[in-house]
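Enquirer: Using the sequences and the accompanying hints, generate a full structural model.
So my numbering is basically just the index in the sequence shown, starting at one, shifted up by 1094.
Please note: incorrect hints may appear among the correct ones.
[Unchecked claim] Computed cross-link-like contacts, DSBU-like style, restricted to lysine-lysine with a CA-CA straight-line distance of at most 35 Å:
1. Lys1328 to Lys1249
2. Lys1106 to Lys1267
3. Lys1308 to Lys1242
4. Lys1297 to Lys1385
5. Lys1362 to Lys1264
6. Lys1249 to Lys1297
7. Lys1385 to Lys1328
8. Lys1267 to Lys1385
9. Lys1182 to Lys1123
10. Lys1123 to Lys1106
11. Lys1182 to Lys1385
12. Lys1234 to Lys1150
13. Lys1362 to Lys1251
14. Lys1385 to Lys1362
15. Lys1234 to Lys1264
16. Lys1123 to Lys1307
17. Lys1328 to Lys1297
18. Lys1249 to Lys1123
19. Lys1249 to Lys1307
20. Lys1234 to Lys1249
21. Lys1249 to Lys1362
22. Lys1264 to Lys1385
23. Lys1249 to Lys1270
24. Lys1182 to Lys1308
25. Lys1307 to Lys1234
26. Lys1288 to Lys1123
27. Lys1270 to Lys1297
28. Lys1270 to Lys1234
29. Lys1249 to Lys1182
30. Lys1307 to Lys1267
[As the list claims (entries may be wrong)] Listed next, with one range per pair, are the computed distances between beta-carbon atoms:
31. Ser1287 to Ile1139: 40 to 48 Å
32. Asp1305 to Asp1185: 14 to 22 Å
33. Arg1141 to Phe1378: 49 to 57 Å
34. Lys1270 to Asn1102: 33 to 41 Å
Derived from the structure by calculation, the hints contain no laboratory data.
Where is the CB? At the ideal position from N, CA and C, for every residue including glycine.
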Amino acid sequence: HIFPVIGNTSIKDLTTPDLLVPLRIMEEKGILETTARQKQRINNIMRYAVQCGYIKYNPAQELEGAIEVNKTTHHPGLPADVLPDFLKRIDGYFDNNNGRLLTQYALNLNLLIFIRSSELRFARWNEIDFDNALWTIPPKRVPIPNVKFSHRGSKMKTPHDIPLPRQAIKLLKEIKNISGDYELIFPGDHHESKPMSENTINKALRNLGYDTKKDVCGHGFRNMACAALTESGKWTREAVERQMSHQERDDVRAAYVYQAQHMQERRKMLQWWADYLDHSRNGFTPPYEFKWRYRK
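Expert: Have a look at this one:
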């Protein structure tokens, strides 16, 4: 990000505006976390240059406040003890005339594998390996004409492999009966070549009676799953983080977590989560207690 823009300029000639140019380019792309990290690295390099006597003044220290801060957004999720009612509402979404059957399936699938909104909306059938029960989200997808951000794949910019539990495979086969002739797994309701709206999941949740700013939103499914997996005490932090596809701030640890996919543990973990959801349809059991009941 930095070198192609200012790499040919002598460090002695770099000014604060020069350093700001590549940061602005990244900021406009919306990669705010990366922008913040690169700003810190520039500051570290320039400070080291001062310490070594290459320059007398660090122009990077004047960058403070110059770029947008990536504000943490709260994505509400429901506690596990209300899962029975939540699942009952989702399972009755279509029958109760709230909307399309495909939308109900999107809710069900998103809860099962808790991926990000763009990863779900822009998903293609060629990413699903039914034989090996695996969904591979690519780093980048072929853009859909006139659909903003449709090139987005895995947020971490590396292939994200998702082991699919039995329930997800069964659900995907049911979805394939509806949209299997199209490229997209979840085409929009107006044209099969366009994805479902970015508001589909949250609109469905509102139709089910939830406040998506206070109760639960689509992204909040990830929080719900992560909370239950952690509370169960059954899974390693590395497996949970790898499944969540979270950005690891420590570069050394990030390389380790990426290389060590923890696939075997994650496969068992997602099956446990899917079975826990099925169990919750009949009533609430705390995740830590279901841990001991679970023997599959």
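Enquirer: It remains to establish, for every hint, whether it holds in the given structure.
Expert: Hint by hint, here is what the structure shows:
1. About 26 Å separates the Cα atoms of Lys1328 and Lys1249, which keeps this hinted pair within 35 Å; it holds.
2. As the CA atoms of Lys1106 and Lys1267 are separated by approximately 61 Å, the hinted pair breaks the 35 Å bound.
3. A distance of roughly 27 Å separates the Cα atoms of Lys1308 and Lys1242; the hinted pair therefore holds under the 35 Å criterion.
4. Between the alpha carbons of Lys1297 and Lys1385 the distance comes to roughly 33 Å, so the proposed pair stays at or under 35 Å and holds.
5. Among the hinted pairs, Lys1362 with Lys1264 is consistent with the structure: their alpha-carbon atoms are about 17 Å apart, no more than 35 Å.
6. Distance hint between Lys1249 and Lys1297 is fulfilled; the C-alpha atoms sit about 24 Å from each other, no more than 35 Å.
7. Restraint check: the Cα-Cα separation between Lys1385 and Lys1328 comes to about 7 Å, which is no more than 35 Å; the hinted pair holds.
8. For the suggested pair Lys1267 and Lys1385, the alpha carbons sit about 29 Å apart, so the restraint of at most 35 Å is met.
9. Taking the CA atoms of Lys1182 and Lys1123, the gap is about 40 Å. The hint is violated against a cut of 35 Å.
10. In summary, the hint linking Lys1123 to Lys1106 is supported, as the alpha carbons are separated by about 28 Å, within the 35 Å threshold.
11. Our distance criterion of 35 Å between C-alpha atoms is met by Lys1182 and Lys1385, whose separation comes to about 23 Å.
12. Among the hinted pairs, Lys1234 with Lys1150 is inconsistent with the structure: their alpha-carbon atoms are about 43 Å apart, more than 35 Å.
13. For the suggested pair Lys1362 and Lys1251, the alpha carbons sit about 25 Å apart, so the restraint of at most 35 Å is met.
14. For the suggested pair Lys1385 and Lys1362, the alpha carbons sit about 12 Å apart, so the restraint of at most 35 Å is met.
15. Restraint check: the Cα-Cα separation between Lys1234 and Lys1264 comes to about 27 Å, which is no more than 35 Å; the hinted pair holds.
16. Restraint check for Lys1123 and Lys1307: satisfied, since their Cα atoms lie roughly 26 Å apart, inside the 35 Å limit.
17. For a cut-off of 35 Å, the pair hint linking Lys1328 to Lys1297 stands: about 34 Å separates their Cα positions.
18. This hinted pair checks out: Lys1249 and Lys1123 have alpha carbons roughly 13 Å apart, not beyond 35 Å.
19. For the hint pairing Lys1249 with Lys1307, the CA-to-CA distance comes to about 23 Å; that is within 35 Å, so the pair holds.
20. Among the hinted pairs, Lys1234 with Lys1249 is consistent with the structure: their alpha-carbon atoms are about 9 Å apart, no more than 35 Å.
21. The suggested pairing of Lys1249 with Lys1362 holds, with an alpha-carbon distance near 23 Å, which does not exceed 35 Å.
22. For a cut-off of 35 Å, the pair hint linking Lys1264 to Lys1385 stands: about 24 Å separates their Cα positions.
23. Our distance criterion of 35 Å between C-alpha atoms is met by Lys1249 and Lys1270, whose separation comes to about 25 Å.
24. With a C-alpha separation of about 20 Å, the suggested pair Lys1182 and Lys1308 falls inside the 35 Å cut-off, and the hint holds.
25. Pair hint Lys1307 plus Lys1234 holds up; C-alpha atoms about 30 Å apart against a cutoff of 35 Å.
26. Distance restraint check for Lys1288 and Lys1123: the Cα-Cα separation of roughly 23 Å lies within the 35 Å cut-off, and the hinted pair is therefore satisfied.
27. Taking the CA atoms of Lys1270 and Lys1297, the gap is about 23 Å. The hint holds against a cut of 35 Å.
28. Using a Cα cut-off of 35 Å, the hinted pair Lys1270 and Lys1234 holds, with the two alpha carbons roughly 23 Å apart.
29. At roughly 31 Å between alpha-carbon atoms, Lys1249 and Lys1182 fall within 35 Å of each other, so this suggested pair holds.
30. Between Lys1307 and Lys1267 the CA atoms are separated by roughly 32 Å; this keeps the pair inside 35 Å, and the hint holds.
31. Under the hint 40 to 48 Å, the C-beta atoms of Ser1287 and Ile1139, about 47 Å apart, fit the expected range.
32. Range check, Asp1305 to Asp1185: about 21 Å between beta-carbon atoms, so the 14 to 22 Å window is met.
33. Separated by about 54 Å at the C-beta atoms, Arg1141 and Phe1378 satisfy the suggested range of 49 to 57 Å.
34. Taking the beta carbon of each, Lys1270 and Asn1102 are about 52 Å apart, not inside 33 to 41 Å as hinted.
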